[in-house]
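Undergrad: Chains as they are written, first to last, in the working numbering: chain A, 1 to 328; chain B, 1001 to 1503; chain C, 2001 to 2215.
It is worth saying that the hints were derived from the structure and are not from the lab. Treat the hints with care, since some could be wrong.
Ranges between beta-carbon positions, derived for each pair [what the hints assert, rightly or not]:
no.	chain 1	residue 1	chain 2	residue 2	range
1	B	Leu1139	A	Asn29	41 to 49 Å
2	B	Pro1057	C	Arg2108	35 to 43 Å
3	C	Asn2046	B	Ile1483	33 to 41 Å
4	B	Ile1380	C	Asn2155	21 to 29 Å
5	A	Lys136	B	Pro1353	20 to 28 Å
6	B	Pro1353	A	Leu290	22 to 30 Å
7	A	Ala313	C	Leu2185	18 to 26 Å
8	A	Lys136	B	Phe1054	33 to 41 Å
9	A	Gln64	C	Gly2044	47 to 55 Å
Anything over 10 Å on all C-beta distances counts as not near chain B; from chain C, calculated [stated by the list, open to error]:
no.	residue
10	Ala2119
11	Leu2142
12	Trp2173
13	Lys2176
14	His2182
Because the structure is a prediction, the values reported are computed rather than measured. Ideal Cβ placement from N, Cα and C applies to all residues, glycine included.
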Amino acid sequence: MKKTMLTAAIALGLVSSAMLSENAEAQQNYPQRPITMIVPFAAGGPTDVIARIVSDHMSRTLGQQIVVENVVGAGGTTGILRGAQAAPDGYTLMMGHMGTHGAAPALYPNLKYDPTKDFAPIGLAAGTPILIVARKDFPANDLKSFIAYMKENADKTNMAYAGVGSVSHSTGILFNSVIGAKPTMVAYSGTGPALNDLMARSVDYMTDQIVNVAPQIQAGNIKAYAIATPERSPALPDVPTTREAGLPEYQVSAWNAVFAPKGTPQAIVDKLDSALKQALNDGDTRKRLLDLGGVIPPVAEQGPAALQKLVEAEVARWTPVLKAQATK
Amino acid sequence: MGAFVDNLSLGFAIALSFQNLGLAFLGCLVGTLIGVLPGVGPIATIAMLLPITFGLPPVGALIMLAGIYYGAQYGGSTTAILVNIPGEATSVVTVLDGHQMARQGRAGIALGIAAIGSFFAGTVSTLLIAALGAPLATLALMFSSAEYFSLMVLGLVFATVLARGSLLRAFSMIILGILMSTVGQDLDTGEERLTFGLSFLTDGIDFAVLAMGLFGIAEIIRNLEHTERRDVVKATIGRLLPGPEDFRQSAKPILRGTIVGAVLGILPGNGAVLGPFASYTLEKKLADDPSRFGKGAIEGVAGPESANNAGAQTSFIPLLTLGIPPNAVMALMVGAMTIHGIIPGPQVITRNPDLFWGMIASMWIGNLMLLVINLPLIGIWVRLLKVPYRLMFPAILMFCCVGIYSINSLPSDVALIGFFGLIGYILIRLGFEPAPLLLGFVLGKMMEENLRRALTISRGDLTTFINPWTHPISAALLAIAVILLLLALLPSVKKGREEVFVE
Amino acid sequence: MPRRRIAFKAYGLRTPVRLRSPHTLLAGCVLIAIAAITLVLVSGLNAGQLRSIGPGMMPRWLAFGLAICGIGLVITSFLSDEEEVGAIPFRGSIFILGAIFAFASTIRPFGLAVSGPLALVVAGYATPEARLRELIVLALALTAFCIVLFGDFLNLPIPIFPSQLLDYLPEGWSLKFAMRVHSGLLIAFAVAVALLPLHREADPLLRAVPQKRKD
Chain A
1 MKKTMLTAAI ALGLVSSAML SENAEAQQNY PQRPITMIVP FAAGGPTDVI
51 ARIVSDHMSR TLGQQIVVEN VVGAGGTTGI LRGAQAAPDG YTLMMGHMGT
101 HGAAPALYPN LKYDPTKDFA PIGLAAGTPI LIVARKDFPA NDLKSFIAYM
151 KENADKTNMA YAGVGSVSHS TGILFNSVIG AKPTMVAYSG TGPALNDLMA
201 RSVDYMTDQI VNVAPQIQAG NIKAYAIATP ERSPALPDVP TTREAGLPEY
251 QVSAWNAVFA PKGTPQAIVD KLDSALKQAL NDGDTRKRLL DLGGVIPPVA
301 EQGPAALQKL VEAEVARWTP VLKAQATK
Chain B
1001 MGAFVDNLSL GFAIALSFQN LGLAFLGCLV GTLIGVLPGV GPIATIAMLL
1051 PITFGLPPVG ALIMLAGIYY GAQYGGSTTA ILVNIPGEAT SVVTVLDGHQ
1101 MARQGRAGIA LGIAAIGSFF AGTVSTLLIA ALGAPLATLA LMFSSAEYFS
1151 LMVLGLVFAT VLARGSLLRA FSMIILGILM STVGQDLDTG EERLTFGLSF
1201 LTDGIDFAVL AMGLFGIAEI IRNLEHTERR DVVKATIGRL LPGPEDFRQS
1251 AKPILRGTIV GAVLGILPGN GAVLGPFASY TLEKKLADDP SRFGKGAIEG
1301 VAGPESANNA GAQTSFIPLL TLGIPPNAVM ALMVGAMTIH GIIPGPQVIT
1351 RNPDLFWGMI ASMWIGNLML LVINLPLIGI WVRLLKVPYR LMFPAILMFC
1401 CVGIYSINSL PSDVALIGFF GLIGYILIRL GFEPAPLLLG FVLGKMMEEN
1451 LRRALTISRG DLTTFINPWT HPISAALLAI AVILLLLALL PSVKKGREEV
1501 FVE
Chain C
2001 MPRRRIAFKA YGLRTPVRLR SPHTLLAGCV LIAIAAITLV LVSGLNAGQL
2051 RSIGPGMMPR WLAFGLAICG IGLVITSFLS DEEEVGAIPF RGSIFILGAI
2101 FAFASTIRPF GLAVSGPLAL VVAGYATPEA RLRELIVLAL ALTAFCIVLF
2151 GDFLNLPIPI FPSQLLDYLP EGWSLKFAMR VHSGLLIAFA VAVALLPLHR
2201 EADPLLRAVP QKRKD
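The task is simple: from the sequences and hints, build the whole structure.
TA: Have a look at this one:
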């Protein structure tokens, strides 16, 4: 009996020390198997595309495949929640964005995660600028006359958005509150149908990401009033910035960033941070992101610390605006 | 005309390159194999296989994805015919007569006619796209919320024609289907409706889960009622492939189905889903003996399958010409194009002509490949049916579970197919039919969304739907719906009350 | 869902109102019950007005429609006869549903290698014709097929092995290699079980064809 217990104790000791050292070793040798990146939106959308482009390069740097898993639902919060609750071992990452980590606390009162506390931020990936677009024959040809028109006729205009929790929703509400207008909000089940109606002239205007609207603007099917970033986009050189057009207060970019669950060891965070930075520096990756119309964050805005600051600032920005619009 | 031929030659030159041919073949094959998996439709298949295409050049990648799309569609039809499980909304109609044909030992004929009809439809649609792509796209722009609503209403009237039994039961199933489509978050306000507080219901009920439960599982439970019954689905009796008589009967339905499907597929907002239903209704109305429908009428497979494929092809039009994806599958294609550096939009034709015409040419090649791949497979499928049912159904069940789980990785999805299976079985025993329910479910969401949107835009004015000055198309569609409904009800009223509600 | 079984027996009574098909009556009652439950569940939702329809409007109207259909069916049940239908396969339903829930609960923690065969064998017993040996052979072979096709070839995000076991993979074994090895083992087992001569009289395979081998 004693012999058995002794053997058991030694075995236990060996196994536990093996596991402990394995833990430290696991961090050293990270990653040892494929990593999952949860994208909380449907495949093919802007966030998904950015995630795939970035993770493609990161896979090569890290030496292990990053597999994108689309977990759709509830404006992106379902996927983010799943990522937040995953084991913090570096094998589950998430691509969050302005909606899931900025607007979500205001839009979803029962949100089960806190964007500022439940994550180990890795870094910004890319942002997609927001444009203000309207139907081709809308009675205003630049931003100033648009705002003037809205002051008189807001109740007769219809603004499209791609459903609660979407980028076009949050940025649209912000836009309306900045210009002080209260149009009728018309919901769509996605950007595709919204754009379709905008082109068919059934609905009046919308604020959405450049990826979605650029082709239609270039083809002349809809018109753009301004882009809400400090500089014009090379994809649409004729569209003035909001600053130039007279509305500097409206600066929005739908940023996308990589997160890991809270408690991920620092060694792993550092590795991921470095891999992400390398991806953003790589010529081919940059080209693909820029072709999309994406904006690559400058070095000062990359990395975990900057991302944490951004998340806190965004939550602070969106909460009052969206809560004010809580009753339709 | 000269330009047309030039463009097509350019397209074929690209599509017939060795690499692209191989990719098209691979796509069709893989798509078919996965599409056969019960419950896995084209969307799930493409999403799963999208990463495989990353290393490929853009044209090749898109050709392969398109191949996966048609392959998955046809695989879904195969499952619908063989095991009564519709993988996608468009396969629901195929289940009705296709599976009945399989039970009568005519599975090979059903599968063969579906393949051939699809090929014909694909050829015609490809020509349509090549010749009329851009003008057809403008048709899409004439449709707005009011028109879509009326189209959905028309679709629901089709659903009553789908019913084999009493109209009252069909109505109630349609209504129940629409009710089930409201489960989940409201589009406008984000409030949860009918979710019982369950988190997995927040995004509503998944079509695949509902279809699998109602059709697949319920059918298995039903088959276990009569344990004396040996082989539920008979092996081949007589011909393996369609014969001259079958072709004769199917020729016109295929033609009509192609036209119906092609037109409806162009409409953004998933108009393509109505194609098979419209075709089925048309065939049933035009048939000499409508009572054959629902019992294995070959027209009920030939027409809808052609409509299905025609719609699948023409749904590329809004994508390639306007850059607007008309349904979820095309949205994935948008993503695929974007990842490969091609921004879909109206300039794709001029900026990337090799992509545009190469894809169109490869559409036809893909259809041809499907025929080549699937016709021999029919022999294998039919032989598979000889397996005794006591071994077949556990295997089907396992594939169902695996298939459903692979879509969203949610165990709750799997549990739900059991739940819906039970519900489906209870409904069948009470004399109801699941097909109208499923159609109501599919159309219900679109109908409600467009109804609310149209009324929001018109500020509560109900006459917007029938106003011939602002929405002539909507008025016309509603008029057709009313006429069809009257036509459906009239004979019943004439026959007298007793017979109206009898099975 | 409250379902009332109304056992109406018309003992040849010539009453003016006679229940001719309890079947339809039940169907009608089920519909009315669903309608009632729906109305209760959405009572908290705002129905809004026509110009801005709220989330509650559609469900409410649909529930009314359903109730009307239910009433219609109830009325019909007094007007026309219907054939009675057969028995209810309790055994079938329980095993099928059991198999599905077994799969759902074991797939995440244990992977396809466990839940696949489990579900298949449990489901197989839904019919009294079940034969354990056949089911095991089928389960092992099909699981091997699924692992190779979906896990290996197509890379689908389905867990194959129990997550605890993943840490004990020998050095240098990639996940795919482990899948192939496992599938090989499964096939080997399947063949062994199929060829295994059993000594028990109870095995119907042996009794029926003692000399033939099932392969």
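Undergrad: None of the hints should be skipped; say for each whether it holds.
TA: Hint check:
1. Our hint of 41 to 49 Å for leucine 1139 (chain B) and asparagine 29 (chain A) is violated, since their Cβ atoms are close to 59 Å apart.
2. For the pair proline 1057 (chain B) and arginine 2108 (chain C), the beta carbons lie near 38 Å from each other, so the given range of 35 to 43 Å is met.
3. A hinted range of 33 to 41 Å for the beta carbons of asparagine 2046 (chain C) and isoleucine 1483 (chain B) is consistent with their spacing of about 36 Å.
4. At roughly 25 Å, the beta carbons of isoleucine 1380 (chain B) and asparagine 2155 (chain C) sit within the given window of 21 to 29 Å.
5. Evaluation of the 20 to 28 Å hint for lysine 136 (chain A) and proline 1353 (chain B) yields a pass: the beta carbon distance comes to about 26 Å.
6. At about 24 Å, the beta-carbon gap between proline 1353 (chain B) and leucine 290 (chain A) stays in the expected band of 22 to 30 Å.
7. Checking the proposed 18 to 26 Å range against alanine 313 (chain A) and leucine 2185 (chain C) shows it is violated: the Cβ atoms sit about 55 Å from each other.
8. Between lysine 136 (chain A) and phenylalanine 1054 (chain B) the beta carbons are some 36 Å apart, a value that agrees with the proposed interval 33 to 41 Å.
9. With their beta carbons about 49 Å apart, glutamine 64 (chain A) and glycine 2044 (chain C) fall inside the hinted range of 47 to 55 Å.
10. For alanine 2119 (chain C), the shortest C-beta to C-beta distance to chain B comes to about 5 Å, within the 10 Å cut-off, and the non-interface label is violated.
11. Listed as a non-interface residue, leucine 2142 (chain C) fails to keep its Cβ farther than 10 Å from every Cβ of chain B; the least gap is roughly 6 Å.
12. Here tryptophan 2173 (chain C) stays apart from chain B, with its beta-carbon at least about 23 Å from theirs, past the 10 Å limit.
13. Separation of lysine 2176 (chain C) from chain B is adequate, the least Cβ-Cβ distance of about 15 Å exceeding the 10 Å criterion.
14. Listed as outside the interface, histidine 2182 (chain C) is consistent with that label: its C-beta sits roughly 16 Å from the nearest C-beta of chain B, beyond the 10 Å cut-off.
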